[in-house]
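Sequences and hints are given; from them, build the entire structure.
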Amino acid sequence: MRLAFASALFGLVVVGGATAVGFWTLSNQLDERAEAEMEGRRRLLIHILLEVPNRQAIGESNDRFAELFYGHDDLHLAILEPDGGTLITGFSDIGAESVAALRRVAARSSGLHTWRRASGERFSGIHGAAGLADGSKVDFYLSVDRARDSRLLGGFLQATLIALPLLLIVVAAGAGVITRTGLAPLRRFNQLAASIGTKSLNRRLSMAGLPVELASTAAEFNSMLERIDEGYRKLEDFAGDLAHEMRTPVATLLGRTQVALSRHRSGDELRAVLEGNVEELERLSTLISDMLFIARAEHNVAPIERAAVDLAQEARRVTDYLSAIAEEKALNLDVRGSAPSLQADRLMIQRAITNLLSNAIRHAERGSTVDVEVGSAGKVATLTVSNVGEGISPADQERIFERFYRVDQGRARGQGGSGLGLAIVRSIATLHGGTIGAASAGGRTTFTLSLPVEDPARP
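So that you can map any letter, position 242 of the sequence shown is 242 in my numbering, and since no number is skipped, the others follow by simple counting.
Do not take every clue at face value.
Claimed, not checked - Derived Cβ-Cβ restraints for the label pairs, each shown as a range:
no.: 1; residue 1: G231; residue 2: T181; range: 27 to 37 Å
no.: 2; residue 1: S27; residue 2: G174; range: 24 to 34 Å
no.: 3; residue 1: V105; residue 2: T19; range: 25 to 35 Å
Since the hints were derived computationally from the structure, they do not count as laboratory data.
Note that CB positions come from ideal geometry on N, CA and C, so glycine has one too.
As structure tokens, then:
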């Protein structure tokens, strides 16, 4: 309705302007035609007066002027003595009336003049002098009634005013139909948006039949639905994974507590139960903290305190920290190489290296060497951790960085793994604009962490 009203208003302005231009053009053309006709009448009058013997013969021979008035009953003539003298003859009352009117306007300009009677009728007149057969002079005042031209202009305006409302109604109706047809695809947007719910996030807007102007909007709309669907699936997966992983420690805590309360226990027995519960609570607290960190990292809201970080130095620091655990399996930790200093969060980088080394130590063969190599390629610093042990299948390599995914479920849980270590490494790499990759072949598994040396632009 707004577009239809705007179209009608615009049509009113356009038609109004066109009417004004048409009226002005028609009025000018009528004036030019009247001026041409008056010029012809003036020449004929001068020719007729040259055949009149003298001034006295003018009033006595009106039939001489019949040719001048033939077919022009709207023509009026007055003839006077020179220089505003006495009226010799007036062929009509209007002709005599035109003398005073033409003298007033003729004093300001020459050529064809327009004057009006007291009653409002419009006339165009011309004033001049002509000679008679005896050589004497007379003044003439020739006027033409413009009533027919006024009726023509009035008819033009009347027809326009009658046709204009009908035209505007047609324009408004046409604009409304065209707009409604053009906006039909938007109603598809509305219907789809109204039908979207948690159980129908997989629905998409069909691109068939959409105009070019809406194709990109529909594509972005579908892309938005895709992102919402993906985010909702991640949220469901997050809730499911968290509930699944929390179920075991909670069940353990509940079972131990119920058994302890089932009968009378000594202080030492209750202390042992509480110590076991503390261990499970610590695991549960770590699990919750890791899940919250991954969730915040995936939504890019984890705070990063950037500072200059030497990747090789941090690798050696973490290696020293984990050396006691490696000695239990008779493992050798070898760190070599260097890379340019990068702008990163030191604690996050330490955590990523710790998770990679812990994973390598957990799965390395006893008595083997875990290699840590630091290097760079262009503006990217790399840290590679490799170990010899049971390999990872290609199918597992694609999912190894997912939350709670374990290649060996039983062994990982038995050794205290929660399946979040590599997922945290990926989150840290993503926060810093880097990547993490895995490769396994010939019994050797390699993880490569790549980080930009310069501070990347935040998304």
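Consistency of the hints with the structure:
1. G231 x T181: 27 to 37 Å: holds, 36 Å
2. S27 x G174: 24 to 34 Å: With Cβ atoms ~32 Å apart, the hint holds.
3. V105 x T19: 25 to 35 Å: holds, 29 Å
Of the numbered hints given earlier, the model fails none.
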